[in-house]
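K.L.:
For this one, chain Z is given, so just place chain B with the ligands on it according to the hints.
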Amino acid sequence: MSQGYVPVNWKRSKQVYDLCLWAGILLYVAAFIVVTNTLYRGDQALPLLTVLLRATSTCAFVMLTLILCIGPLARLDRRFLPLLYNRRHFGVSMFVVALVHGLLAVYWYHSFGPVNPLVSVFTSGGDYRSVTDIPFEVLGAVALMILFVLAATSHDYWNATLGGPLWKAIHLCVYPAYALIVLHIVFGALQQDATGLMPWMVMVSVGLVGGLHVSAALTRSGADRQVSSDESQWVPVGNYRDIPDNRAVTIDVDTDERIAVFRYSGNRLCAVSNVCQHQNGPLGEGRVIDGFITCPWHGYQYRPEDGCSPPPFTEKIRTYRLKLEGDRLFVDAEPLPEGTPRPVLEAPGTADGQSNG
Amino acid sequence: MSKPEPPFFVGYLPTPQALARFYQPLVLVLVVGCAMLGYWLGAQQKPGAPAVWAVGAATTMSGVLQVDPYPVLHRVHPEDPARIESVLLVRQGKFAATGLARELDGKAVDVTGARISRGGWTMLEVSSGGSFAPADGIEIKAITDRLGTESLGKIVLAGEIVDSKCFLGVMKPGAGAIHKSCAEVCLLGGIPSMLVAKASDDRKYGYILVRPDGTSASTLTAKLAGEAVRITGELERRGDLLYLRMAENGLERI
Ligand code: HEM
Ligand code: FES
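For the protein sequence lines, the chains are Z and B, in the order given. Per this note's numbering, residue 298 is the first one in the first sequence, and the count goes up by one each step. Per this note's numbering, residue 44 is the first one in the second sequence, and the count goes up by one each step.
Okay, chain Z solo, but in the shape it has when bound (with noise of 0.2 Å):
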């Protein structure tokens, strides 16, 4: 979290993240080189920079399309949150890579001639006012150099500088720069059709990333509960005893943030913002693990008290109030500030007992 930051840091599960993920992009380079030198051979044989320059766009473009398929995936199933968890690397992996196939353009399509290869990419190739005649390879420079501000500052660290909202303003850019590398592919190869499944591959992802979007957005819209502004500031949450145990509910209230209530250690009770500081994960579906209120996403912690990481760590977030009436338990819809505490309610002790945690 948030306390010295170190480049990575290294643990057994992102190592094995990371093994696994350069085994995929090189096994994929690998055998698009060695099937294409095989097919095609003698005078017939392309040029091993071309192969070079599509095996590594292609590669590029599929992790792309994962990448955006992670987020909706583990909405809609958590056991892909692991996954989640370490995508910085896949996002880091996939530039990487997709620097490879745009050195590779700028030398092989812009170099050696008279004009600056840099200068040529924007200039030569097409024409602006002609929709039909859009040079495609400015797409991919403009999504190349997104792609670069976005693994630039991927780490915690310029999260932290930043702060979390325009941290996430910048990292949303992924999406136009997805729609410019689709529209790269469109006005460039798909013209040519260089090869036969590039109009399947350009499908197929543009399918699965709205199709997921759209629905884990469909599942996620419905929060456990939702009540409009102009109930009482005491919002009803429901029987406490429906809470499973070290978990939550969320509870949307009309106003930005939802509200996450856990039940805890059997039979306490607190509620706090759904919003992780880290980079907005969703509280409320996350646990409680020793005593601490555990994002879903990367494992931020908060102490249910009063909504502050415990130390060294300084994330906060907002805390709210609870009463009961009964078994009914209410939150008031009033947010107090950040890491502001507030008594945690104890219920009068529930028939299910002990954590399990």
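Hints in this document: simulated from the structure, not taken from any laboratory. Do not rely on the hints blindly, as some may be mistaken.
Claimed, not checked - In silico contact screen, one side only, chain Z against chain B (beta carbon under 8 Å); selected entries: (1) Phe329; (2) Val332; (3) Pro344; (4) Ala352; (5) Phe445; (6) Ala448; (7) Pro496; (8) His595.
Quantities reported herein were computed from a predicted structural model and do not represent experimental measurements. Note that beta-carbon positions come from the ideal geometry of N, C-alpha and C, so glycine has one too.
P.N.:
Okay, now just chain B with the ligands, sitting in the frame of chain Z:
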């Protein structure tokens, strides 16, 4: 309410057994899937055009040099001595060989470079250091007399403008939308401009493009590389190359 808890992954805690069991086969399938996908997408590429760029292997050809509008070496055809072969000359990179060849214009020369060939076309890529040497033992007139320069009349041709170097074998693809920007830079550097057009026999032919005044049309046509165009002009043959001398305003996009 005491359903078993679904596994909850926290990166810095040991991975729950149930998740590990979920991922082991999945990861295996994904990693093997990467190789299969690479193989599959790679196999879908179209073959390269049947053309060769013998990069790294030097060939020497002897003949008579003609520098304008584009450097060409006219020589006795190696396989058919009754014919003259006209070999286009270009420099390494995206540049014309005009500057290097100028001094020896009209002379008998030995030219050394990497051979580029496609169909009946031959091109020689000379190094930037200069690979031209005066040649003895070649009778210039014996070759120039047989060039048989002739005018073939007015013609209208529709096709694509390419840079001859990439098209004849250096790049694959060496034409089309993908290759447009590269062709543009090549033409700006003076590589001979060429129209690839289907003739009435449905076969594709290449026509070297020149301006109305008979000079190089490379820079003039650079912006239109990779585009479908229609050209009106005069067809001329010199050696075994066909030149299309564009009429004033004879070049239009279609
Ligand atoms: C400076 C930036 C870039 C340049 C100059 C560039 C240039 C090119 C060129 C010239 C091609 C056609 C290659 C061929 O088929 O022979 C191409 C294709 C492609 N590019 Fe890029 N590109 C850039 C960035 C990107 C980025 C960031 C991506 C993201 C993944 C990307 C993905 C692709 C894909 C998927 C293809 C189709 C592959 C194929 O033709 O088989 N490009 N690009
Ligand atoms: S969003 Fe990263 S830990 Fe919560």
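K.L.:
Quick check on the hint: Ala352 of chain Z CB to chain B CB, less than 8 Å?
P.N.:
7 Å, holds
K.L.:
Could you check if Pro344 of chain Z really has its C-beta closer than 8 Å to a C-beta on chain B?
P.N.:
With a minimum Cβ separation of about 6 Å from chain B (threshold 8 Å), the hint on Pro344 of chain Z holds.
K.L.:
Hint Val332 of chain Z vs chain B: min CB-CB distance below 8 Å?
P.N.:
4 Å, holds
K.L.:
Minimum Cβ distance from Pro496 of chain Z to chain B below 8 Å?
P.N.:
For Pro496 of chain Z, the interface hint is violated, since the closest Cβ of chain B sits about 11 Å away, which is over 8 Å.
K.L.:
Holds or violated: is there a CB of chain B closer than 8 Å to the CB of Ala448 of chain Z?
P.N.:
At about 20 Å, which exceeds the 8 Å cut-off, the nearest Cβ of chain B leaves the hint on Ala448 of chain Z violated.
K.L.:
Can you verify the interface hint for His595 of chain Z: is its Cβ closer than 8 Å to any Cβ in chain B?
P.N.:
His595 of chain Z check passes; min Cβ-Cβ to chain B is 6 Å, inside 8 Å.
K.L.:
Given a cut of 8 Å on the nearest C-beta pair, is the interface hint for Phe329 of chain Z held or broken against chain B?
P.N.:
4 Å, holds
K.L.:
Using Cβ atoms only, decide whether Phe445 of chain Z comes closer than 8 Å to chain B, and label the hint accordingly.
P.N.:
For Phe445 of chain Z, the interface hint is violated, since the closest Cβ of chain B sits about 21 Å away, which is over 8 Å.
Hint compliance for this structure: hints 5, 6 and 7 are broken, all remaining hints hold.
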